[in-house]
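Peer 1: Model the full assembly from the supplied sequences, consistent with the hints where possible.
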Amino acid sequence: MLKKLFFWVITVLVLVIIVAPLAWIYLTAFKGQADLFAADLRRFVFFKPTLENFVVLFRDYDFWPNLLNTLIVSVVGTLVTMACSLMAAYSFARWNTGGGDILFMTVSTRMFPMAVAAVPHFVFFKMLGLLDTHFGLILLYVFFNISFATFLLYGFFNEVPKEVEQAAMIDGYGRMEVFRKIVFPLIGPGLAVTSVFCLIWMWNEFFFAFLFTRDDARTVNVLLSSFWGGLQVQYGLMTAGAAITILPTLVAAWFMQRYIIRGLTFGAVKG
Amino acid sequence: MLSNSPPLTGPLAEREARKPTIWETLTSERYFRWTLLIPLLVLLAIFMLYPLIYSIYFSFHDWGMQGDPTFTGLHNYRQLVFDENFLMAFRRTLEVLVICIVVELGVGLGLALLWNRDFRGQNVVRGLSLLPLLVAPLILSLLWNFILDFNFGALNHVLQAIGLPKLNLWKPSIALFTICGMTIWQWLPFSTFVLLAGLKSLPRDVFEAARVDGASRWYTFRRLTLPMLTPLIMIIVVLRSMWLIRLFDPLFGTTRGGVNTELLDWITYRTSFVMFDIGYGSAMAIVSWAVTMALCLVMFRQLMKQMAPRT
Amino acid sequence: MKLRSIHAMWGLLLMLGFASRTYAQSNFSLNDVPELKNKRAIHLILETGEAHGKAIPVIEAFTKKTGVPVQVERVASSGVYGKENVELMAGTGHYDVVYVETSWTTEWSDYLFKLKDLANKVDPGKYASLEKDMANMSPSILATGQAYGNQMVLPFYTFDMTMWVRQDVFDDPTEKANFKAKYGYELAAAKTWDQLHDQAAFFTRKKGEMLKGQPLDHDLFGLSMQAGAYQDNDETTARLWSMDADWVTVQKDSSGKITKFVITKKDKEALKAALTEYKGDLQWDSPGALTANFDFVVAQIGNGNAIIAPTIWANCTTWADGILKEKVPGGKIGAYPTPGGHPYTGAWSYGVAKSTKNPEAAYWLVRYLTSYEAGVRMFKEAGLIPGRIDVMETVAKDGPEYPLGMLAKYHINIWKATGANIPNYYYYNTKAGGKVYDNQIYVLAPALTGQKTVDEVVEDLTKQTIDLQNKFDKTASCVEEK
Chain A
0 MLKKLFFWVI
10 TVLVLVIIVA
20 PLAWIYLTAF
30 KGQADLFAAD
40 LRRFVFFKPT
50 LENFVVLFRD
60 YDFWPNLLNT
70 LIVSVVGTLV
80 TMACSLMAAY
90 SFARWNTGGG
100 DILFMTVSTR
110 MFPMAVAAVP
120 HFVFFKMLGL
130 LDTHFGLILL
140 YVFFNISFAT
150 FLLYGFFNEV
160 PKEVEQAAMI
170 DGYGRMEVFR
180 KIVFPLIGPG
190 LAVTSVFCLI
200 WMWNEFFFAF
210 LFTRDDARTV
220 NVLLSSFWGG
230 LQVQYGLMTA
240 GAAITILPTL
250 VAAWFMQRYI
260 IRGLTFGAVK
270 G
Chain B
0 MLSNSPPLTG
10 PLAEREARKP
20 TIWETLTSER
30 YFRWTLLIPL
40 LVLLAIFMLY
50 PLIYSIYFSF
60 HDWGMQGDPT
70 FTGLHNYRQL
80 VFDENFLMAF
90 RRTLEVLVIC
100 IVVELGVGLG
110 LALLWNRDFR
120 GQNVVRGLSL
130 LPLLVAPLIL
140 SLLWNFILDF
150 NFGALNHVLQ
160 AIGLPKLNLW
170 KPSIALFTIC
180 GMTIWQWLPF
190 STFVLLAGLK
200 SLPRDVFEAA
210 RVDGASRWYT
220 FRRLTLPMLT
230 PLIMIIVVLR
240 SMWLIRLFDP
250 LFGTTRGGVN
260 TELLDWITYR
270 TSFVMFDIGY
280 GSAMAIVSWA
290 VTMALCLVMF
300 RQLMKQMAPR
310 T
Chain C
0 MKLRSIHAMW
10 GLLLMLGFAS
20 RTYAQSNFSL
30 NDVPELKNKR
40 AIHLILETGE
50 AHGKAIPVIE
60 AFTKKTGVPV
70 QVERVASSGV
80 YGKENVELMA
90 GTGHYDVVYV
100 ETSWTTEWSD
110 YLFKLKDLAN
120 KVDPGKYASL
130 EKDMANMSPS
140 ILATGQAYGN
150 QMVLPFYTFD
160 MTMWVRQDVF
170 DDPTEKANFK
180 AKYGYELAAA
190 KTWDQLHDQA
200 AFFTRKKGEM
210 LKGQPLDHDL
220 FGLSMQAGAY
230 QDNDETTARL
240 WSMDADWVTV
250 QKDSSGKITK
260 FVITKKDKEA
270 LKAALTEYKG
280 DLQWDSPGAL
290 TANFDFVVAQ
300 IGNGNAIIAP
310 TIWANCTTWA
320 DGILKEKVPG
330 GKIGAYPTPG
340 GHPYTGAWSY
350 GVAKSTKNPE
360 AAYWLVRYLT
370 SYEAGVRMFK
380 EAGLIPGRID
390 VMETVAKDGP
400 EYPLGMLAKY
410 HINIWKATGA
420 NIPNYYYYNT
430 KAGGKVYDNQ
440 IYVLAPALTG
450 QKTVDEVVED
460 LTKQTIDLQN
470 KFDKTASCVE
480 EK
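Chains as they are written, first to last, in numbering that gives the first Met the number 0: chain A, 0 to 270; chain B, 0 to 310; chain C, 0 to 481.
There may be inaccurate statements among the hints.
Which chain B residues face chain A? A few, computed with CB under 10 Å, are given here [unchecked claim]:
(1) L43
(2) F59
(3) Y76
(4) Q78
(5) I100
(6) V101
(7) L104
(8) G105
(9) V106
(10) L132
(11) M241
(12) R245
(13) A284
(14) W288
Everything labelled a hint here was simulated from the structure, so no lab data went into it. We put the beta carbon where it would ideally sit given N, CA and C, even for glycine.
Peer 2: What follows is the structure, encoded as structure tokens:
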């Protein structure tokens, strides 16, 4: 009995710490200007809710076009990333191509400070006319995520025993068929996990979106950050936007949640 | 042997006879592994080599993006060695690294052990605990700034309501811990879930045997669970280390490097992107990249040793 | 007798002449913009925030009249430099109209049109017509937007510093009496830093003590400052300039050309004194001041938590007043020169990029955004203070008296009082302006938090300023006076 109490006390405490700031986002999104800086706690929780922030957000700002941009860039970016890293990870897992060094180089791409990489990338993109385009941003995002995705998928491929593939090959299946029919389904959960993480990263990226887009390909995070404004921080608008922006990732994560647990074994621990 | 088998005929013979096509070469046993790597290598070449070479080049020059760069040889690097701000930022980054990883692993493992059972509402609990990972780090930092504000922040409102004194979490002596707290809050679900998944796939039979043999819980944990989880723990350490050394977002909306919280990526950003001192900033980038590489290489090799025997 | 009366007559005429010299209202309006043949869209940055949103109708009116579409990009003020600098330096030519903080003017002077040249090229009235309009702008503000004597940008809104005092508290008889009894002189807006200390100490009170005859239900602070890693250098500038010193002394020869940049002994001593004074002031401020930006000061004053804000942006006044009206019945703000009388000044301005593909439209948009018409609108609707004397005079005359009329009068006076010094200040003469400015923010902070001593910080700053100045500005060398 005591153990059960202990369990629930800890669990609830953890959940409160996790959920509270996010609850704050949703509360603030519905607050009017006057209530934002309220100095007492009662006013904090019991206030007159208003849709004012959302109305202004939709009417005066390009919220939906920006959200669409985020959607396009994230989804396409994830697909492309998965395609590239799937192939590469398989190569590393099956044959240890490059003896681990290329894999390390891939992983190390995220070790270079982003701010410094921005300038050469900017100049390069300008030369190619890729500034403020969906294609340009997608390309950049794919590069940034390919290390993470390849590394994760490498782990998942390791989980599939070589014998299964060899057996299939002896039965006369070609390499590609083995890959499609046998290996692919087995790493399903792993694929799901990796895609979700990629999607979330791209959905939430800010720095490069800020620099490399202006109007056409502007993503919703750049818009939200712009409410951190010169003479006034518009918390109402920012939380209203954040409240909506979080939802798609929430949905994606919820669906993947089952897979995430199953899939995160990395094959390091055999069942 | 060949002389005993019947002569090859038909399409197979034709294929063996003429020179292989490009597609065939690419998908042949020897080269297929490299073919698979082509998109990756192309991306790496364009996006990694170019900035690297660019930065190395400019680290030997002085350049503010206007006019021509002036060659200064090793001057930037020499300056870096004596740059107090850079060294302080470096030290702080290492502090953040150690603190966050220890806490994330410790608490993460604790939570994973706690939740490694079937309980009512487990889907809800697990789903909710994923939330911190879903919000954009930048937006979070802007919002945390407000929540933790001394006079107007929700945290102090709550503390005051229950009669506790207000907290100033941005004092120079503890601001760095506040930053750690922010990133731990966001990434704790990561280690928790990875470890939970690991725990769930531990072989039942070994634990059954241990229990039958009368092993204590502590013994089971220390001698069985922990060693089997080690590869996972290493992966968490490698990935999180990489990201923590580059920690940037929490600072952006809160201290912006003030009150004793300037980290490696912040001073690099400031130098390259706020002051546009490209030469010096590039030198900083090269140095911090090299250090990160060295650190991660060691951990990476360890990890590979654990995982390679698979194939 | 005759001579005397002639003199008297001349005297009278002269006096009449001065009296009738109000600034002839510039009659530039949208109708004066000629037909623009090049309809290519132009791009510019507009700051984020509700107040700046009031400029959108102004821009839309421009598009309606000229048929030139204008793409507006909203960027937070802290991000403007990085974004525009990268685009300018990489030569993308994306921004036709460039949003410039005046301390960057000299730095970007190679990338912007000299307005005189541009006017002569595209304005039917040539430079004379631009000059006529500029005569109605504040000379001191215009000076901040010049590079080597050439006007590069026109002011959109100024960020002069001011000192806020709770006027209702300063006028309260109880407080006045108590103050006089304790300090021996009348309670009035501080003119010196010592007076400010007295007032700050006087007004720092604990919960339960009295203010204006009523007990306080919260702690009260005498001061509210922006001592965080955002504006700490500007607050120091106000102190430095009031001591008749600067970050770096600019030496020019008789023709006005810069010969040398020197960090004189006087400059260093003044900086030490300024930082010591600044640090000392923090004892009368909330602990949150060390991470504060201007929004914190606005909230402090607006919620009645502090009485004096010695170095705050004048264009935040309507914002703070809005909060004050709601939170503190009877609360009123008074705007005065910062102690010492030399507040930090400058303006967010607009200029035209050399790489623009539609210089005419860009020029006329800049003219319209900085015109009398637009200025009155921005001031009255958004509380953003344009750099135009004619707007100030109109509002001072027509009101509303509080707070806009008060602000208008403040600016007219402060521009007159400080105009002469501006062309000699370091910020407006250096190509390393942006870099030195940003570096200062970080180097000064440890002095305020106590992590480093003032002397150490001054040494650091001297070394780094010389380094940056010599690295990025080859006009003249920068040295320290030994």
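Peer 1: Each of the hints needs a verdict: does it hold here or not?
Peer 2: Evaluated hints:
no. : hint : result
1   : L43  : holds, 7 Å
2   : F59  : violated, 15 Å
3   : Y76  : violated, 15 Å
4   : Q78  : violated, 16 Å
5   : I100 : violated, 16 Å
6   : V101 : violated, 18 Å
7   : L104 : violated, 15 Å
8   : G105 : violated, 14 Å
9   : V106 : holds, 9 Å
10  : L132 : holds, 7 Å
11  : M241 : holds, 6 Å
12  : R245 : holds, 7 Å
13  : A284 : holds, 4 Å
14  : W288 : holds, 5 Å
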